[in-house]
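Student: Assemble the dimeric complex from its two separately framed chains, guided by the hints.
Letter by letter, the chains look like this.
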Amino acid sequence: MPTVSMTVNGKSVSGEVEARTLLVQFLRENLNLTGTHVGCDTSQCGACVVHVNGDSMKSCTMLAVQANGADVTTIEGLAKGGEMHPMQQAFQDNHGLQCGFCTPGMVMSAIDLVAKNPNPDEATIRSELEGNICRCTGYHNIVKAVQQAAKTMGG
Amino acid sequence: MYNFNFHAASSLDDAVAKLGAAEDGTVMAGGQTLIPVLKQRLANPTDVVDLSGIAELSGISASGNGVTIGAMTTHAAVANSSDVPAALRAVAEGIGDPQVRNRGTLGGSIANNDPAADYPAALLGLGATITTNQREIAADDFFTGLFETALTDGEIIKSVTFPNATKAAYAKFPSPASRYAMVGVFVAQAADGVRVAVTGATDCAHRGPKLEAALSANWSPDALDGITIPPDHLNSDIHGSAEYRANLVIVMAKRAVAAAG
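Going down the list, the sequences are from chains A and B.
In terms of the numbering used here, the first sequence opens at residue 1 and continues consecutively.
In terms of the numbering used here, the second sequence opens at residue 156 and continues consecutively.
Isolated chain B (complex conformation) (with noise of 0.2 Å):
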C-alpha cells in the first residue's frame, strides 16, 4: 500500500473541507474495501478523509413510512435492528462474514457500488432514496456503472431512507468463498408497484422490467417461467458464465418471491 495523508473528520463539513483541500482524496467509510484496495496499489490517493468519527452519520431511526439508515451504520447493526424489515436485516446479514459485518456500512457499500454487491439491490427492490449533503437521489438515477454512481466530487452520502414494501424478499446466490453474489435478487410489492433488482449479473445493480411486468400481473414463482435472460453483455468469471449467471437470474427471482410470500 501506498502511503497517503489521513484525516479523521470529525463532522460532515470537516470531512468536506479535506477533501477539498486535498490533491487526490478520498472518503474511507468502513474501508473494508479500499483497504483492500490500497493494498493492492489499485488506488492511489493523497489522502484519505475517514467518516467513522462522525456520530451523526451512523443510527437506524424508523418512521411510519419506512426507515433511515445512516451511512455509517455497520451491516452488523442493520441485521441486528428490530427497526429494519426483515428482508433489509436479510441483506445485511448475508454480507461478508462477521468481522466484514462489524466494520462494512451502508454508504461505502452503494458508493462503492461493487457489480455483486447485495446492498444496490436492496436499494434499488426498495425504491430507497440516497441523501448526501447536497441533495437527494432516487435509488434508480444512483448506480450508473462499474463502480460509478451519481455522486459527485465532495459529495458524501448522509443517509438512505428505504420506504416500507407490502412484500419484500432477497435471494442470492453467494460465491462460495467471497459471500459477494453470483446473482441475488430482490423483490418487492413496493408503494409504486412491483419492483425487481438484479446484482452480480451485469457491470452493476439494475431493475429488471421483464420481470416486474410479469410479477405484476401474478405474484408467484410460476409467474416467472418461461421468462429467459439473454447472456449477452453478463457477466462471466471463472466461477460462472454468463449463460450460467443467465439462469440464477430466473432462479433467484423465483426464490425470492417464494419466500416473500
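One chain only, chain A, in its complex shape (with noise of 0.2 Å):
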C-alpha cells in the first residue's frame, strides 16, 4: 500500500493508505480529526473543505496520496493557545451556525476567502461562499459572521 506523509496541522503525520483512500478519510480514519466533515461526498456541499498548501480544497474531492508532502490544516488547527481563530469567534458571535453540521467546511472557505478578499462585501461573501451548503438555511448570520472576521483578520 502506498504510504503517505504530510504536514497536519503543523504536525508531520505518515500513514499507509489505499491508492483510492481520500484525503478526508486518511484525515478522519487515520488521523481521528473528525472535525472534517463528509457530507455529500460528491462535491457539492463543502462540509470537508480543508487548507492544502494554504487554498481552500474538498477533501472529499482529492486522494491522499496526492496530498502527499503537503501542507494540510482542518478545523483543529485553527485555535492557537486554547483561543478561537477570529473567523470561528465570529461564528460563536453571530450565531453562524444551527446543527453546526456544515460549519468547519464554511470557517475554512469562509478564512481563504477573507485571505483573499481581505475587505469582501456581501454580495462577495454570498458568491464566494457558493461551494458550501448550509441546509440549515443559516446563511445571513454566515455572511454577517465572514463580514465581522473580516475587520479583525484585517485590522
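Because the hints were derived from the structure by calculation, they are not lab data.
Treat the hints loosely; a few may be bogus.
[Stated by the list, open to error] Estimated spans, in silico, between C-beta atoms of each pair:
# : chain 1 : residue 1 : chain 2 : residue 2 : range
1 : B       : TYR399    : A       : GLN98     : 33 to 41 Å
2 : A       : THR124    : B       : GLU398    : 29 to 37 Å
3 : B       : ALA176    : A       : ARG135    : 41 to 49 Å
4 : B       : HIS388    : A       : ASN117    : 38 to 46 Å
5 : A       : SER14     : B       : ASP169    : 22 to 30 Å
6 : A       : GLY10     : B       : GLU398    : 50 to 58 Å
7 : A       : ASP93     : B       : ASP308    : 52 to 60 Å
8 : B       : ALA176    : A       : ALA123    : 46 to 54 Å
Beta carbons are placed, not taken as given, at the ideal position from N, Cα and C, and that holds for glycine.
Tutor: Okay, structure coming up:
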C-alpha cells in the first residue's frame, strides 16, 4: 500500500493508505481528526473543506496520495493556545450556525475567502461561499460572521 | 471507488511511459471530475497517472499575439492572472465554486469535454490551439462528441494558446446547483472573423454558423432577433427542455455580444 507523509496542523504525520483513499478519509479515520465532515461526498456541499498548501479544497475530492508532502490545515488546527481563530469567534458571536454540520467547512472556506478578499462586501461573501451548503438555511448569520471576521482578521 | 495503482508522474515523458505500461491507465489532472466519476464506478482504470507534480505543465505566459496557459493551470490561477484577457478570466471564474477552482485545471476540463463545460466554448470562441506531447490541434478539430476529443491514447495536453481577440465575452446561464452551463455562449471578434461558440446545448461545445453570419453583418444583440435554433438534438433534462435551451442560446448570445461591447 502507498505510504503518505504530510504536515497536518503543523505536525508531521504519515500512514499507509490505499490509492483510492480520499484525503478526508485519511484525516478522519487515520488521524481521528473528525472535525472535517463528509456531507454529500459529491463535491457539492463543502463540509469537507480543508486548506492544502494554503488554498481551500474539498478533501472528499482529493486522494490522500495527492496530498503527499503537502501542508494541510483542518478546523482542529485553527485555535491557538485555547483561543479560537477570529473566524470561529465570529461564527459564535453572530450565531453563524444552527446544527453545526456545515460549520467546519464554512469556517475553512471563509478564512480562505478573507485571505484573498480582505475587505469583502456581502455579495462577494455570498458568491464565494457558493461551494458550501448549509441545510439549516443559516446563510444570513454566516455572512454576518464573515463580515465581522474580515474586520478583525484584517485589523 | 474501485482501487487502482497510483503513479505521481515526474515529467511528461514519465507520464507517457507510465500510461504505456498500464493495462488500462488514465491521466488525472485536477481530479474534480475524475474522482467523482471513480466514486460512481463509471470508470474503473487499473492505473491513475497524476500530472500535478509536473511543473512545466503549469503557468501562464502572454506574448504580443495571445496567451499560452499550461494544461495543469488551475481555474483560480487563470481567473486571477493579469496576463489573461478579461473574457477568459470570466470563464474561469464562473466554473464550479472556489474550492473546485483551486484544484480543477484547464487541461482536465477540455480533455474531459463535458457537454456543459465552460472552457470548450472559450477555446472554440477564441480559435485556440491545443498543444499536446505529439502535435498541435486547432480547437475547431478538438471537441468531437460527448466526452470525446481528438486526443489519442498516450496523448497528453501540454498547453493551450489563445490568440488575442478585438472583442470577446462569455455569457452563461448556470445551473443553480452545479454552476455548469445550462447554456453558455462565447462570442468574439477574432483574427479570422466573428466566432460564436455554444456549450451546454448539445453533446459538446460547437460553433454557431447562423449566429456568426448574423454578427459578422452587424455586431449587435439586435442582429440575432428573428434567428431561431431548432430544438432537435438539443439536450433536454430535468433542468430544462430542448426548447428552453434553444431559446437560451439566443438569449445568452445577445447577452455576450452586449457584454463584449
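Student: 22 to 30 Å was suggested as the range; check whether the CB atoms of SER14/A and ASP169/B agree with it.
Tutor: Holds - the Cβ-Cβ distance for SER14/A and ASP169/B, about 24 Å, lies within 22 to 30 Å.
Student: Within 33 to 41 Å: is that where the Cβ-Cβ distance between TYR399/B and GLN98/A falls?
Tutor: holds (35 Å)
Student: Could you check the hint for me, namely that ASP93/A and ASP308/B are 52 to 60 Å apart, CB to CB?
Tutor: Because 57 Å falls inside the window, the suggested range holds.
Student: Given a hinted range of 29 to 37 Å, is it respected by the beta-carbon distance of THR124/A and GLU398/B?
Tutor: The hint (29 to 37 Å, Cβ to Cβ) holds, given that THR124/A and GLU398/B are roughly 35 Å apart.
Student: Taking the beta carbons of HIS388/B and ASN117/A, is their distance inside 38 to 46 Å?
Tutor: holds (42 Å)
Student: Between GLY10/A and GLU398/B, does the C-beta distance stay in 50 to 58 Å?
Tutor: holds (56 Å)
Student: Hint says 41 to 49 Å; check whether the CB-CB distance for ALA176/B and ARG135/A agrees.
Tutor: holds (46 Å)
Student: With 46 to 54 Å as the target window, see if ALA176/B and ALA123/A comply at their CB atoms.
Tutor: holds (50 Å)
The earlier numbered hints are all upheld by this structure, with none contradicted.
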